[in-house]
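Novice: Here is how the chains run, residue by residue.
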Amino acid sequence: MKFTLSWLKDHLTTDASLDDILKKLNAIGLEVEGVENPADALAPFKVAHILSAEPHPDADKLRVCKVTDGTNEMQIVCGAPNARAGIKVVLGQPGDYVPGLDFTLGKAKIRGVESSGMMCSYRELELGDDHDGIIELPEDAPVGTSFVEYAKLDEPMIEIAITPNRQDCLGVYGIARDLAAAGLGTLKPLSDAAVAGTFESDVKVAINLPADQAHACPLFVGRKFTGVKNGPSPKWLQERLKAIGLRPISALVDITNYISYDLGRPLHVYDANKLSGNLQARLANAGESFLALDGKTYTCKGGETVIADDTNVLGFGGVIGGEDSGCTEETTDVVLECALFDPIATTMTGRAHGINTDARYRFERGVDSQFVHQGFEIASQMILDLCGGEPSERFEAGATPDWKHTVPFRSERVKTLGGVDLRAETSVAILEKLGFEVVGSDPYTVHVPSWRVDVVGEADIVEEVLRIHGYDNIPSVQLPATDHKAGTTLSARQKTSRAVKRRLASVGMHEAVTWSFMKRENAVLFGGGDESLVVDNPISSELDCMRPSVLPNLIEAAGRNADRGAASVALFEVGGVYKDDSENGQHLIATGIRAGDASPRHWEGGARKVNVFDAKRDALAALEAALAPVANLQAFDEAPDYYHPGRSGTLRLGPKNILASFGELHPRVLKALDVDGPVVGFEVYLDAIPAQRKSGAAKGAMNVSKFQSVERDFAFLVSKDAKAGDLIRAVKGADKQFITDVTIFDLYDGKGVPEGHTSVAVTVTLEPKGETFADKDIEAIAAKVVAAAEKAVGATLRG
Amino acid sequence: MQEQISALKEDITARIDAASDLAALEDIRVAALGKKGSVSELMKGLGRMSPEERKEMGPALNSLKNDVADAITARKDVLEEAALDARLKSEKVDITLPVLDHAAGSVHPISQVMDEIAEIFASLGFDVAEGPDIESDFHNFTALNIPPEHPARQDHDTFYLKPDANGDRKVLRTHTSPVQIRTMLSKEPPIRIIAPGRTYRSDSDATHTPMFHQVEGLVIDRDTHLGHLKGTLEAFLKAFFEVDAVTLRLRPSYFPFTEPSMEVDVQCSFEGGTVKIGDGNDWLEILGSGMVNPKVLEACNLDPNVYQGFAFGCGIDRLAMLKYGMNDLRAFFDADLRWLKHYGFRALDLPTIAGGLSR
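Protein chains in written order, with this note's numbering: chain U, 1 to 799; chain X, 1001 to 1359.
Next up, chain U with everything else stripped away, as it sits in the complex:
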């Protein structure tokens, strides 16, 4: 909502400075979004006089003018067709900034002739679109005075944000009323005079709505005017509309716009000679159509509130009027409409047809029911004042709906809800200043004024009191302490998420946060893309489907980083993926990728690219941080099909509960994402990790052997089909009492190893319990190890 300071002062008598007004607007909830004063940019421009204008020696269209600002005389080369001796102009001199051209004037030579300054057009000063020539001021314009002062441009334009509840402030009058209640001045009363009609209108109006839709248009007031003259509106009106960004059209249209912004009272004017028969408000039939004032043809879906004549739909009531019944410069007879339209019906019609107008904006927030007749008469008088003509008697259909309602108010609620200790009389006085009628004694009955449809409950009344008393007066109070226990702030899941993030960051990965939605094709590649997870109105087709996996986002990010020269990329994200659109369809997953170098080229050697085991290691680090029982996990060589089929796997707790997948990404997937490999990645399904059964902080006694442990190495020959995991599990199980660790320290399949086999070098750590091992004890365990290895994977000791 925009208005100028002088416009506000039409309704408000006040000595307050602009700054105080702005502060008060903010304080009462009318947030100031900006203040502009065209005078600020145009301060240096002066009224000047062209003394002479001679043709330029080298250019037909240019003139060389001698110009005076009253003290100095200067030469200016000008291309405007109207530049001629004797006229008064607006002068900019070297050093002055011309806003419409976005440059600062300097001394110049134009086709060889010195020019020091510029005579400006309206467009160059951003005062309008006119660029046919330079501004010609009236002859009596005093040479040498400031143009801003002369043209009375020193007019601050204030823009405020109006929250959806404050329809009453969608007119300048309402803003003045609120400021006056807040003590910033006195509200000037509006005229309540009625125009005396001189004849009975031949056009009448009827409301033909079904009983259950009567609220769609409860009241329609009209008047016919004959013999009006619809030329351009007067300058003051045009200036006001222009100052708030509206384009003046014609006197009649400008009047309706002006009343809408001045009083928050939308109106419509029909050309009476284009109507066939009478007006009526009714519901639209499906398929009816009309050409609207925005130049578009709308076809009714059926059920919209329309204004129609005997043959045609003229417009959507409260939303937009029709072009065919609109006023033009030739219009002589008009019908003025001032009606009430239901907020919800207005919203639905506007939304269904995608129409946003000032009228819709006001009606959907609730126009003052009580103000229809007064607003109508003020508008009628304005038409007579500006366009002349003869007014008919008022005609109307429907009735003012019952807007009256009351709200009970306990004055203590200002303290117990609002925190401000205020005497009841103070609260009552504030409410009365705002136009509320306060009846009875505490608890009071508050009668809400017609323009405050938003006030429905006691909390609203408290807000009104506090708003005017000043939110700054709310004291700052600490919440009482509770017996909140340390460590209960975060849920186990949140703690897991936190720990996993910091663990992955500590192994060299960088945390990313990427969109929850992605291109549907990408989602399909990763097992998603279901119709139920497609965004109906995406911001772009690149972001139209909820992600089934974070991998594609991270892989594409790896590609972008590689394009920027990153030789090594390690990214992770801990966040949701979406399996379905239910409450339980969102799963928390830790996802990571590595691409490019695992170790860079270095003088110490060891350069290599990332491989599947990097991803496995990352997954295990994340699982360990998530307190998953890592020692009990089994690796299965089955993984989702977006991984390389031979270089991927899953980590499971038991055969079914998959806690993580990892692997090298499938080359086909990388190609589809247009990213060069190798890229390896993992996904840890944090929700699948069993909850910890924790009974206390104690970790239990430490139980370590006092005897030194012993290592024994074995070299097994195993078939290439055998799995290292099976071998290790078998060896570990060979003697559960003494074997504490088994690991593989070498793999060899070169000379001396039979075809189809691998030599696997295993270290077994043995820990004595009661006494140190004798040789025969170790031999016995070794025999068990060999037997178990043979049984599990057909391993034989290498000779």
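Please note that the accuracy of each hint is not assured.
What the hints assert, rightly or not - Straight-line distance between alpha carbons at most 25 Å, and here's what the computed SDA-like set of lysine to any residue pairs gives:
#, chain 1, residue 1, chain 2, residue 2
1, U, Lys23, X, Ala1245
2, X, Lys1187, U, Ala691
3, U, Lys495, X, Ala1245
Derived by calculation from the structure, the hints in this document are not laboratory data. All values derive from a computational prediction rather than experimental measurement.
The hints should help you fit chain X onto chain U, whose structure is shown.
Specialist: Chain X in isolation, oriented as in the chain U frame:
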């Protein structure tokens, strides 16, 4: 005999001193003290001596043997020291060569700021609640007193999923406020929660992205009022921005789910392109808040005549930008390693009340 001993001692000592390496010294030791060494041979002569001679020569020969052994040990120490010096000298490396760094990753500023916020509110007795990103219309709008025709719905730039068989459309939550509803529906007051998380609106420029993060706060009990809201927000902002004091400006505003409602500005200065919170001549809009609307309490089956409380909502990304000086929100979600390394946090920089929120 005595002369012979002296001469031998002199000779051996001279050779020991001349020994240039451990091998030569060992040869000398064998030649003197070995089984057939010169000193050993002399010792063997003791058996053939008369008791008187033996009484005189015994100690002399023993002394010779000990002196020679000591001299060898001393020389050995010297030679070993020299050998070690020589080896160390040969082992010298260029310690200016670059090493491979321990891989250092980073935590995203959003995670860090969420951790900071949780830390602050933990000290005020709040829990951290969560809700799904894909929400029902009821939780995101209707229960929050935003019926279908409400103009505020248009301000939300809502993303919808495709309608289901019944024509119902799920929404991507436009704010974290549905977590208020979920919490009140599942938990008896007193309630003190914050709810950080992802939110979505169809908007994109330097300060708006289609996905962003908010933190919601909700306190419900019997006597919490606007003064508590102000006190809590002051405590929060002071702790978050790590300043001694903050000045808040509360402006009446409108949110369908609170009444009275207010927007909160914090006093700040903009100097040299950076925002300084705490003092200055400017105001920065930082969050929206208010007392929970009785209609919202009713929608959650709480009696508004018994229970009341406050709620607030604040942009996490915006808080991060203000505190840590980023100027383009879009970069938060681009996973550019250069940005992550510059604005990210070390894994071990866990914000705590004791250790400070930022280092």
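Novice: Which hints, by number, does the structure contradict?
Specialist: Structure breaks hint 3 only.
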